[in-house]
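A.B. asks: Read off the chains here:
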Amino acid sequence: MLNIIVNGRPVTQPAGARVDAIVAGMQLAGKRFAVERNGEIVPKSRLTETPVEDGDRFEIVIAVGGG
Amino acid sequence: MPDNNNVDTTLNNLVIAGQSYQSRLLVGTGKYRDFAETKLAIDASGAQIVTVAIRRVNIGQDASQPSLLDFLPPSRFTILPNTAGCYDAKEAVRTLRLARELLDGHKLVKLEVLADDSTLFPNMPETLIAAKELVKDGFDVMVYCADDPIQARALEDIGCVAVMPLASLIGSGMGILNPWNLEIILDRVGVPVLVDAGIGTASDATIAMEMGCDGVLMNTAIAKARDPVLMAGAMKKAVESGREAFLAGRMPKKIYQASASSPREGRIGS
Numbered sequence: 001m002l003n004i005i006v007n008g009r010p011v012t013q014p015a016g017a018r019v020d021a022i023v024a025g026m027q028l029a030g031k032r033f034a035v036e037r038n039g040e041i042v043p044k045s046r047l048t049e050t051p052v053e054d055g056d057r058f059e060i061v062i063a064v065g066g067g
Numbered sequence: 001m002p003d004n005n006n007v008d009t010t011l012n013n014l015v016i017a018g019q020s021y022q023s024r025l026l027v028g029t030g031k032y033r034d035f036a037e038t039k040l041a042i043d044a045s046g047a048q049i050v051t052v053a054i055r056r057v058n059i060g061q062d063a064s065q066p067s068l069l070d071f072l073p074p075s076r077f078t079i080l081p082n083t084a085g086c087y088d089a090k091e092a093v094r095t096l097r098l099a100r101e102l103l104d105g106h107k108l109v110k111l112e113v114l115a116d117d118s119t120l121f122p123n124m125p126e127t128l129i130a131a132k133e134l135v136k137d138g139f140d141v142m143v144y145c146a147d148d149p150i151q152a153r154a155l156e157d158i159g160c161v162a163v164m165p166l167a168s169l170i171g172s173g174m175g176i177l178n179p180w181n182l183e184i185i186l187d188r189v190g191v192p193v194l195v196d197a198g199i200g201t202a203s204d205a206t207i208a209m210e211m212g213c214d215g216v217l218m219n220t221a222i223a224k225a226r227d228p229v230l231m232a233g234a235m236k237k238a239v240e241s242g243r244e245a246f247l248a249g250r251m252p253k254k255i256y257q258a259s260a261s262s263p264r265e266g267r268i269g270s
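Here the protein sequences come in this chain order: A and B. Our numbering applies: residue 1 is where the first sequence begins, and numbers increase by one. Our numbering applies: residue 1 is where the second sequence begins, and numbers increase by one.
Wrong hints could be hidden among the right ones.
[What the hints assert, rightly or not] So, partial list: chain A residues that the calculated Cβ filter (under 7 Å) puts toward chain B:
1) M26
2) K31
3) R32
4) I41
5) I62
6) V64
7) G66
8) G67
[Said to hold, decoys possible] Keeping only pairs whose Cα atoms sit at most 30 Å apart, straight-line, the calculated DSS-like set for lysine-lysine is:
9) B:K224 / A:K31
10) B:K136 / A:K44
11) B:K90 / B:K132
12) B:K254 / B:K237
13) B:K107 / B:K132
14) B:K31 / B:K90
15) B:K107 / B:K90
16) A:K44 / B:K90
17) B:K90 / A:K31
18) B:K136 / B:K90
19) A:K31 / B:K31
20) A:K44 / A:K31
21) B:K107 / B:K39
22) B:K224 / B:K39
23) B:K39 / A:K31
24) B:K224 / A:K44
25) B:K39 / B:K237
26) B:K237 / B:K253
27) B:K132 / A:K44
28) B:K224 / B:K31
29) B:K107 / A:K31
30) B:K31 / B:K237
31) B:K31 / B:K107
32) B:K107 / B:K136
33) A:K44 / B:K39
34) B:K237 / B:K224
Bear in mind the hints are in silico, worked out from the structure with no lab data behind them. Ideal placement from N, C-alpha and C gives every residue a C-beta, glycine not left out.
Pulled out of the complex, with its shape left as it was, chain A reads as follows (with noise of 0.2 Å):
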């Protein structure tokens, strides 16, 4: 078991997740998003190949309004 952060809060992911896990439990689908992980930019297209790892830090975000 992975114990992780995710926007603040602890999460945990099975040994083996990879990024896209995490993302899939938010029903982001069809949803304009971004990944951090530990302060770096996981780009979409790796979200499916980046390991979770115990320990991480996620960002993820959407666009809100604002001014």
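Using the hints, position chain B against chain A.
C.D. replies: Structure of chain B alone, referenced to chain A:
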């Protein structure tokens, strides 16, 4: 623009980072009642560039809910992601890298690094650091800044594509509090100068444009009007009106000396 025959429309286009825009009004998308109202107001404003904020997805949020960009598709609008809420350069740069990924490599961004929660004044030292980093990283940076000609010029020298001094505090609606500083910025800075923050009503936007500003960015003045859609239309006209007055060149002011508009000759009984 068929209803604008007397104006050279090329002069009337706003050019930022090589892109030409017919509308000189840029609008934010915050503080509206819902996305439907956001869209109606933005359509009425005629704005082509709209700002958005970048925020964490709420874990467990209802995915069936539409998102802002469903209402404002990037195919129709130039989406200008901002760094609102960032208090240092590092956070601002991270936010805009996420925005660039989110918008498929889009380079035009609005940098704003804040210094203080209650005034939302820009933190200029951190803004300069972030601007340097972003320009180096290939971003086209429009930058919210103090109405300080020296700082504005420094941002131009770094390579920012537009400088956006505040008229007054963000969301205050107080209008242009220091037109003299703004005049110096307009005089000293070569890249487009847009007033960002502090516009309260249509005449504030017109004054900015009459002074020679290249554009105006506003959010609260429209979103928090009693009728946002009506105000959005008013702002569109105000910006166009101010721009045309600037291009037309106002008459000189004559202090203590009236000048009759009607002929003095031929009055009855003369």
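A.B. asks: Please verify whether K132 (chain B) and K44 (chain A) have alpha carbons no more than 30 Å apart.
C.D. replies: This hinted pair holds, its Cα atoms lying about 27 Å apart.
A.B. asks: Measure nothing beyond the straight line between the CA atoms of K237 (chain B) and K253 (chain B); if it is 30 Å or shorter, mark the hint as holding.
C.D. replies: Holds - the C-alpha atoms of K253 (chain B) and K237 (chain B) are around 24 Å apart, at most 30 Å.
A.B. asks: Is the hinted pair K90 (chain B) and K31 (chain A) satisfied, with a Cα-Cα distance of at most 30 Å?
C.D. replies: 26 Å, holds
A.B. asks: Close enough to count: is the Cβ of G66 (chain A) nearer than 7 Å to one in chain B?
C.D. replies: 3 Å, holds
A.B. asks: Quick one, are K224 (chain B) and K44 (chain A) close enough, alpha carbons at most 30 Å?
C.D. replies: 37 Å, violated
A.B. asks: Need the status of pair K31 (chain B), K90 (chain B): alpha-carbon distance at most 30 Å?
C.D. replies: Roughly 26 Å between the alpha carbons, so the hint for K31 (chain B) and K90 (chain B) holds.
A.B. asks: Would the hint linking K107 (chain B) and K90 (chain B) be met if the CA-CA limit is 30 Å?
C.D. replies: 18 Å, holds
A.B. asks: Could you grab the alpha-carbon distance between K31 (chain B) and K237 (chain B) and see if it respects the 30 Å cut-off?
C.D. replies: 22 Å, holds
A.B. asks: Check whether the Cα positions of K107 (chain B) and K39 (chain B) lie no farther apart than 30 Å.
C.D. replies: With a Cα-Cα distance of about 23 Å, the restraint between K107 (chain B) and K39 (chain B) holds, given a limit of 30 Å.
A.B. asks: Check whether the Cα positions of K44 (chain A) and K31 (chain A) lie no farther apart than 30 Å.
C.D. replies: 12 Å, holds
A.B. asks: Can you confirm whether the C-alpha distance between K44 (chain A) and K39 (chain B) stays at or below 30 Å?
C.D. replies: Measuring from Cα to Cα gives roughly 28 Å; hence the hint holds.
A.B. asks: Would the hint linking K107 (chain B) and K132 (chain B) be met if the CA-CA limit is 30 Å?
C.D. replies: 15 Å, holds
The structure does not agree with numbered hint 24 stated previously, though it agrees with all others.
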